[in-house]
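These protein sequences, in sequence, are chains A and B.
First residue of the first sequence? That's 1 in my numbering, and the numbers climb one at a time after it.
First residue of the second sequence? That's 1 in my numbering, and the numbers climb one at a time after it.
Be careful, since some hints might not be right.
[What the hints assert, rightly or not] A few chain B residues that face chain A, going by a derived Cβ cut-off under 7 Å, partial list only:
| no. | residue |
| --- | --- |
| 1 | E241 |
| 2 | L244 |
| 3 | R362 |
| 4 | E366 |
| 5 | H368 |
| 6 | N369 |
| 7 | E371 |
| 8 | I375 |
| 9 | S376 |
| 10 | G377 |
[As the list claims (entries may be wrong)] Pair by pair, the computed Cβ-Cβ distance ranges are:
| no. | chain 1 | residue 1 | chain 2 | residue 2 | range |
| --- | --- | --- | --- | --- | --- |
| 11 | A | T259 | B | A49 | 41 to 47 Å |
| 12 | B | A49 | A | R298 | 32 to 38 Å |
| 13 | A | D73 | B | D86 | 52 to 58 Å |
No lab work stands behind these hints: they were computed from the structure.
Backbone N, C-alpha and C fix where the C-beta goes; we use that ideal spot for every residue, glycine too.
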Amino acid sequence: MNNYSVETRRRSRSLLIVEGKHEKDELFWLIFKCFPEINIDIDNVWIYGTNIYMLYEDIVKEYGNDWAKDEMDVDLPFVISKKEHPETICYRNDFTNIILVFDYERHDPAFSEKKILEMQHCFEDSTDMGKLYLNYPMIESYLHLKSIPDEEYINRKIPVSLQPGDKYKGVVKSESVIEKAVDLPHRIDDLLAGDRYRVNDVKKRNGCCDAILKISANELEKELEEILHVVGDEKKEKTLKYQLKDWITKIGYACEKRTYWEYMRKVLQEIVFHNICKAAKVQKIDVNENDIRKQFDRIELFEILNIQNEVSRNLEKGFIWVLNTCVLLIADYNFNLIR
Amino acid sequence: MLKKFTLKNYKNFKDEIAIDFENIAGYQFNTDCLNDGIIGKMLIYGRNATGKTNLGRALLDIGLIIFGGLRYAGNGILLNADSKEDAAVFQYEFRFEDTELSYKYSRSSNQELRDEELSVNGKRIFKCNFDLREYNFDNLEYIDAETANIERYLQSLEVGEDDEISESKLPFLRWMISNVALKNDSALIKLSNYARRMMMITVGNGMRYRPGRLNQGFYESLENPERLKDFEDFLNAMGIECKLVLKKLPDGQRELYFSHERLVPFYENASSGTLALAELYRRLFSKVGDASLIYLDEFDAFYHYEMAENVICFFKQKYPKCQMIMTSHNTNLITNRIMRPDCLFILSRKGTLTALCNATERELREGHNLEKMYISGEFEKYE
């Protein structure tokens with residue numbers, strides 16, 4: 001430490017403002033793992049849990065009721081840090097990404113078309129004030145593909161009357177072809193940590209999971225055997241091996257000489273692709289459907305919200321287009337990532 | 001025009017650093033930053049002491065080769081202080097209409113020329129290694145310079161060695177340009193024309209302290225009322241509202257004043273920003289003919305942010321063909337309103353020069369707030 005040193009600013013951070021904890025972290029964790037180009041280190045991500053209306057109120061508290069109308073330059077890291085830990089205030093200028101992800105949640109008692117539209121209008125650039133991605137009806141919609149490709153996805157909608165959220169989650173769980181693949185890392189971790197195998201050392205277990213997910217060769221069994229020595233019980237290792245082999249074979253990536261991450265990257269690219277086409281359809285974008293880039297460039301999340309508000313206004317007959325916009329952040333970052 | 005400049009082992013640049021004017025991205029906005037498919041207006045940012053001034057000096061070095069002149073004693077040590085190599089290497093790649101021309105040379109620690117090599121359209125025209133006394137003039141006829149009296153040139157090298165005052169290593173390029181009857185459309189003539197019109201402007205380096213007589217030339221030109229009006233218009237357009245008068249004093253000297261109820265002498269009283277702007281004007285208009293390339297070091301050091309923007313817009317309008325490289329610390333100019341991500345560069349502590357669009361994996365779009373991204377560390381790895 002030099003006598004003249006001043007405290008240096010910590011920059012290049014990312015702020016993720018999400019509603020729940022688990023699933024969102026899961027999806028983003030997966031995205032950042034599969035797309036290292038995005039250059040977001042999960043350890044450098046500040047996750048703030050709230051809901052969109054609470055966040056709205058926080059903004060009002062700092063900037064007044066007319067913040068949206070007056071196009072105020074909202075500094076979310078400031079607003080949040082002031083509330084969370086006033087002793088260390090953060091500023092927008094220290095963050096390279098500010099991403100807000102919320103569920104549409106029409107049935108939320110606090111639901112307000114006006115507020116949610118204002119939010120969608122103002123938060124449109126993740127590198128600047130922040131970008132709001134709304135998921136219709138909820139985050140789980142990214143799993144809602146029944147096959148890959150799924151030609152039906154483009155028409156998929158759910159009745160407004162399908163609530164609460166758990167009901168939709170149930171639908172996705174029963175219909176999704178990718179849920180199992182997305183969940184694999186967590187299933188492996190749970191299995192190893194569970195009563196049967198008791199790999200309790202977190203570092204060891206993480207290393208083991210990492211190694212398993214990196215397997216890409218045909219000799220799945222042999223490689224698994226080597227990795228599973230950590231369990232330290234030959235008999236258990238054997239059953240574990242067959243269990244894992246079964247899981248991996250069912251998803252089917254290793255025989256294609258791909259690692260789990262390479263495989264999931266492709267899956268995520270498909271998900272983004274499906275949702276771009278879907279957004280274009282909802283928004284009635286009139287361009288050649290093969291020109292995915294043109295479709296993407298014309299997507300207006302504000303427009304989409306307007307349309308969703310309209311079609312879902314009738315609580316009995318209304319519907320919501322199934323659409324996950326938060327996966328679009330991959331294409332927003334660099335469209336080449338999904339090519 | 002200059003397509004690419006490459007430098008190695010010069011001052012703080014131990015490894016190779018290049019200014020590649022051809023490396024553009026396909027942005028459809030602010031195309032006036034480009035000229036004929038290459039970068040025309042370039043803005044370089046970088047922390048202090050990353051070598052922004054050094055880079056400009058190095059870029060103008062070719063002028064000393066072609067036209068000679070004082071070797072700058074006051075410029076400190078030439079070679080990188082950590083390098084094991086014993087020469088600094090300069091390479092310039094030009095395009096003049098259909099002709100591609102590449103000139104490469106190196107200087108030893110005492111600034112002496114060590115070798116030089118010229119290629120035209122990929123063909124090597126000549127190569128001289130003064131250390132080893134190896135000379136190759138095989139393809140002079142390719143540029144219609146076969147009449148060059150090589151023996152005379154080699155003789156001149158021998159003479160120079162006894163005479164400590166003259167420059168002993170006369171560059172063959174310079175010798176050829178001044179001694180061979182070249183056609184008017186010769187690539188060498190174009191090269192020499194280009195190099196003559198390269199300039200570096202370091203703004204705000206104490207014009208106030210220039211002895212009055214040094215300004216006399218400038219004042220003389222302002223005696224023409226149109227020129228005075230033009231100067232006044234320039235200051236006004238850039239954001240300095242003033243009215244000027246020029247007076248001839250009884251001793252024949254001229255003096256420039258701000259016109260008020262009482263006259264206020266210009267140089268003694270002008271603000272730093274006004275002086276910097278006046279100096280810029282003086283330099284731009286003192287040159288005969290339009291400049292080919294201008295390196296403006298810290299060009300807006302004394303400017304209000306709006307004036308800095310005005311000056312860039314003025315450059316774009318007035319000098320669309322001139323290759324201008326500006327260095328600045330004013331982040332307000334890192335914007336897609338007047339610039340573009342492939343014309344904004346960061347010079348790093350490591351000695352690399354990277355355009356913003358190549359300094360992140362993110363696809364930079366017109367709507368991005370580049371200044372905010374720069375400040376928040378988006379391009380951190382290249383700073």
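Now for the hints, and whether the structure bears them out:
1. E241: Check failed: Cβ of E241 of chain B comes no nearer than 30 Å to chain A, outside 7 Å.
2. L244: violated, 40 Å
3. R362: holds, 5 Å
4. E366: Violated - the Cβ of E366 of chain B stays beyond 7 Å from chain A, reaching only about 11 Å at its closest.
5. H368: It holds, given that the least Cβ distance between H368 of chain B and chain A is near 6 Å, below 7 Å.
6. N369: Because about 4 Å separates N369 of chain B from the closest Cβ in chain A, which is inside the 7 Å limit, the hint holds.
7. E371: Given a least distance of 10 Å, the restraint on E371 of chain B is violated.
8. I375: holds, 5 Å
9. S376: Check passed: Cβ of S376 of chain B comes within 5 Å of chain A, closer than 7 Å.
10. G377: holds, 3 Å
11. A:T259 with B:A49: 41 to 47 Å: holds, 44 Å
12. B:A49 with A:R298: 32 to 38 Å: Roughly 46 Å apart at Cβ, these two residues miss the hinted range, so it is violated.
13. A:D73 with B:D86: 52 to 58 Å: With a Cβ separation near 55 Å, D73 of chain A and D86 of chain B satisfy 52 to 58 Å, so the hint holds.
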